[in-house]
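2 protein chains.
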Amino acid sequence: MATQNEFKQAPHKLLVIPGPIEVADEVLYANAHPSMSHVSPEFVAAFGECIRMTREVLFSKDAQPFLIAGSGTLGWDQVAANLVEPGENALVLHTGYFGDSFEECLQTYGAKVDQIKAEIGAAVSQLHIENALKSKKYKVLTFTHVDTSTAVLSDAKAIADTVKRVSPDTLVVMDGVCSVASEEIRMDAWGLDVVLTASQKGLGTPPGLSILVASQKAMKVFESRSTPITSYYASWKKWLPIMLAYEKNTPAYFATPPVNLIYAYQASLSQITKSYPTLEERFAIHQRVSQRVKNSARGLGLRQVPLEDACAANGMTALYYPDGIGAADLLPRLNGKGVVAAGGLHTSIKDKYFRIGHMGITAVDAHRGDIDLVISSLQEALAEAKANKGV
Amino acid sequence: MATQNEFKQAPHKLLVIPGPIEVADEVLYANAHPSMSHVSPEFVAAFGECIRMTREVLFSKDAQPFLIAGSGTLGWDQVAANLVEPGENALVLHTGYFGDSFEECLQTYGAKVDQIKAEIGAAVSQLHIENALKSKKYKVLTFTHVDTSTAVLSDAKAIADTVKRVSPDTLVVMDGVCSVASEEIRMDAWGLDVVLTASQKGLGTPPGLSILVASQKAMKVFESRSTPITSYYASWKKWLPIMLAYEKNTPAYFATPPVNLIYAYQASLSQITKSYPTLEERFAIHQRVSQRVKNSARGLGLRQVPLEDACAANGMTALYYPDGIGAADLLPRLNGKGVVAAGGLHTSIKDKYFRIGHMGITAVDAHRGDIDLVISSLQEALAEAKANKGV
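Respectively, the protein sequence lines represent chains A and B.
To convert, take the position in the first sequence, counting from 1, and add 389; that gives the numbering used here.
To convert, take the position in the second sequence, counting from 1, and add 389; that gives the numbering used here.
FYI, nobody ran anything at the bench for these hints, they're computed from the structure.
Given the structure is predicted, the values throughout are model-derived calculations rather than measurements.
Among the clues, some could well be false.
A pair holds if it fits inside one copy or across any two, identical chains being indistinguishable in the list.
SDA-like mimics (lysine to any residue), calculated; alpha carbons at most 20 Å apart, straight line [claimed, not checked]: (1) K663 to E445; (2) K606 to G715; (3) K609 to Q680; (4) K606 to P630; (5) K778 to A435; (6) K450 to P630; (7) K525 to V555; (8) K397 to E415; (9) K553 to K609; (10) K626 to G499; (11) K741 to P475; (12) K528 to R677; (13) K501 to I618; (14) K528 to Y709; (15) K397 to D414; (16) K739 to V428.
Build the full structure now, drawing on both the sequences and the hints.
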């Protein structure tokens with residue numbers, strides 16, 4: 390039997406796509422936890438701890454977490470089905486692929502959506518946001534903190550400030566799938582009403598858990614809605630009693646939770662919230678590592694998709710291929726060196742750029758040498774590709 | 390590093406609630422798979438194999454599987470949002486707790502639901518089904534193959550036969566959460582249009598995967614719907630291209646799949662479909678084990694919740710406590726002997742009965758001695774409880 394201390398994951402290529410990310414041995418071992426009853430005292434306690442630690446990661450005192458089996462996408466359904474009533478207006482800030490998807494999700498549940506679309510590589514300006522908020526009453530404003538398709542980082546605090554100033558009733562909904570635990574997020578201090586995310590990026594856990602945290606203000610808006618909730622699986626009416634019960638160490642049942650994944654999430658959250666580095670230091674490390682990757686790329690003559698440093702993510706880097714080089718030239722060569730990076734995702738520039746993730750243990754645990762390998766492999770692969778293409 | 394052959398899960402109490410069930414070491418090891426890209430050739434191949442093996446378990450040639458991060462409950466949303474248009478009629482056969490939940494889910498998406506409610510412990514009679522089908526045009530009929538709250542087994546083939554004879558356009562939707570891989574299901578031969586289930590019961594995998602298989606007839610009904618699909622995360626319009634692509638060994642993206650859980654599911658499906666016992670023998674073993682548990686319970690003077698043998702599940706047993714004995718007398722004593730069983734779930738009789746699961750490796754792998762332990766522990770715990778209460 391492999392005890393936790395003995396368990397080491399199998400050798401494998403370094404996964405540096407912008408999620409799923411590399412997962413620590415302790416977390417994978419927890420994912421191989423023997424089967425447990427979802428209503429056992431041991432599991433209920435683990436679930437309750439996950440709820441509390443989720444709040445800690447976002448520096449929130451009293452927001453309400455929802456931990457539900459599903460992908461990050463399920464968070465959009467939760468917002469659309471619980472917070473927006475059919476016919477109400479939603480304002481979607483678009484900084485890449487995920488803005489379009491969130492819009493489509495909101496429309497599916499009956500919202501009337503306006504989009505403010507930034508040019509590729511830019512964030513939406515506060516002036517545009519202010520003008521839109523003045524033109525119409527919006528129930529929610531949504532934005533993608535880091536759009537995984539472009540690596541564009543939006544200024545969450547500035548957006549929340551603008552909303553509070555111009556349209557204080559509008560709920561500020563942040564898609565933090567690619568930012569939670571790799572970018573600083575101060576949910577209460579900044580006045581974010583919803584932060585939704587998933588387990589497989591900065592939170593360092595295998596994929597399969599939808600994680601959403603709603604402010605008490607958002608919960609009040611939810612409770613005062615006048616029309617029925619338009620989803621069953623994503624209904625907070627079903628899940629709220631479960632989350633409240635589990636946090637109070639009492640079992641409750643709506644649907645079977647992903648027991649093993651909750652144990653894995655608990656293991657990862659414990660590393661993030663209870664051991665070195667502190668959360669603040671974790672964010673600083675992500676910034677330093679990001680600068681190192683971006684500087685190296687600049688040294689190799691590679692241009693970032695984000696147009697300015699101020700709107701470039703700290704957990705990932707999106708880079709245009711140099712002239713004459715494409716995905717087929719670079720990515721298989723990186724793969725051959727044991728580094729799995731990601732191709733493009735944003736439809737308009739899909740074949741023109743690639744993406745590297747540097748979140749979680751890859752960024753924080755320098756002893757792993759992940760970033761060294763990424764940088765040296767990128768340098769070598771690029772040189773080989775250029776030599777091969779004669780560019 | 391623990392290789393697959395060396396990995397053994399940590400010692401733990403025997404979990405014999407009717408799901409989650411005990412999971413094999415190989416499956417847990419696969420759940421601790423190193424992080425992999427969800428679009429890597431290795432993972433795409435594993436996903437494709439899971440799709441094909443899911444079909445095999447149901448003896449289907451061409452039905453369309455959907456494997457989505459979520460609990461079994463998400464399968465109801467898939468049915469309600471994709472197959473039933475608002476205002477259409479649905480007939481729900483009720484043999485326990487899960488009939489009420491499925492009804493509520495269908496209503497959430499706008500269906501008009503009629504329920505035929507069997508008395509507790511009985512299945513719905515074919516005559517009642519026939520009369521209901523003659524009275525009104527139903528888009529779907531839904532039933533719970535094994536209702537986990539009562540252990541009542543419905544006759545899937547007879548229900549499908551009745552529908553084909555009386556109302557051939559009505560889609561036959563089976564909730565197989567507590568029956569797939571522990572009860573015989575012949576999807577094509579019996580004419581079932583949807584079988585929905587989850588990973589954590591007969592399929593022997595940790596919880597967190599919603600598994601649904603739709604007949605080509607159901608897919609045609611889906612494709613010909615005239616109103617928009619009323620869910621985003623559960624939309625087959627989004628998921629169908631993904632499932633088709635992965636089965637053809639091509640990556641595609643809608644939402645990040647639960648990569649580790651898919652590897653675990655692949656490991657369990659491989660045991661179920663590719664090694665001894667055969668599927669037919671697996672069902673026969675579940676029947677023999679079930680008889681053994683039920684005979685022992687009878688020997689102890691315990692009465693089953695199902696009123697007749699013909700409607701008693703083969704993967705679980707639901708038993709009334711004897712007079713003078715309650716949950717607090719029996720379940721903690723069983724737990725003290727290392728056996729975790731489940732209390733009641735059906736609201737009307739919640740405190741009067743308990744449930745034991747005997748699915749997957751607990752039933753099939755006699756060398757584990759799980760059933761011996763369950764039977765001896767039940768005998769001892771009951772004797773102690775009676776002695777303590779003086780009954």
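We went through each hint and held it up to the structure:
In this assembly of identical chains, the alpha carbons of K663 and E445 lie at most 20 Å apart only when taken from the same copy (10 Å versus 46 Å across copies). Within a single copy, K606 and G715 get their C-alpha atoms no closer than 48 Å, and across copies no closer than 43 Å, so neither meets the 20 Å cut-off. Neither within a single protomer nor between protomers do K609 and Q680 lie at most 20 Å apart by alpha-carbon distance, with minima of 41 Å and 52 Å respectively. Taking the shortest alpha-carbon separations for K606 and P630, only the intra-copy value of 18 Å comes in at or below 20 Å, while the best inter-copy value is 38 Å.
Taking the shortest alpha-carbon separations for K778 and A435, neither the intra-copy value of 54 Å nor the inter-copy value of 34 Å comes in at or below 20 Å. Within a single copy, K450 and P630 get their C-alpha atoms as close as 19 Å, which meets the 20 Å cut-off; across copies the closest is 42 Å, which misses it. Proximity of K525 and V555 under a CA criterion of 20 Å is satisfied intra-copy only: 11 Å inside one chain copy versus 54 Å between copies. For a Cα distance limit of 20 Å, the shortest separation of K397 from E415 qualifies both inside one copy, at 8 Å, and across copies, at 15 Å.
In this assembly of identical chains, K553 and K609 lie within 20 Å of each other by CA distance solely inside one copy; the values are 17 Å within and 48 Å between copies. Both within a single protomer and between protomers do K626 and G499 lie at most 20 Å apart by alpha-carbon distance, with minima of 19 Å and 17 Å respectively. Neither within a single protomer nor between protomers do K741 and P475 lie at most 20 Å apart by alpha-carbon distance, with minima of 39 Å and 44 Å respectively. For a Cα distance limit of 20 Å, the shortest separation of K528 from R677 qualifies neither inside one copy, at 37 Å, nor across copies, at 58 Å.
In the homo-oligomer, the alpha carbons of K501 and I618 lie at most 20 Å apart both inside one protomer (17 Å) and across protomers (17 Å), since each shortest distance falls under that limit. With identical chains, the CA atoms of K528 and Y709 are never at most 20 Å apart, being 37 Å at best within one copy and 51 Å at best between copies. Taking the shortest Cα distances, K397 and D414 sit within 20 Å of each other both inside one copy (6 Å) and across copies (15 Å). Taking the closest pair of Cα atoms, K739 and V428 come within 20 Å of each other only across two copies (15 Å); inside a single copy the shortest separation is 46 Å, beyond that limit.
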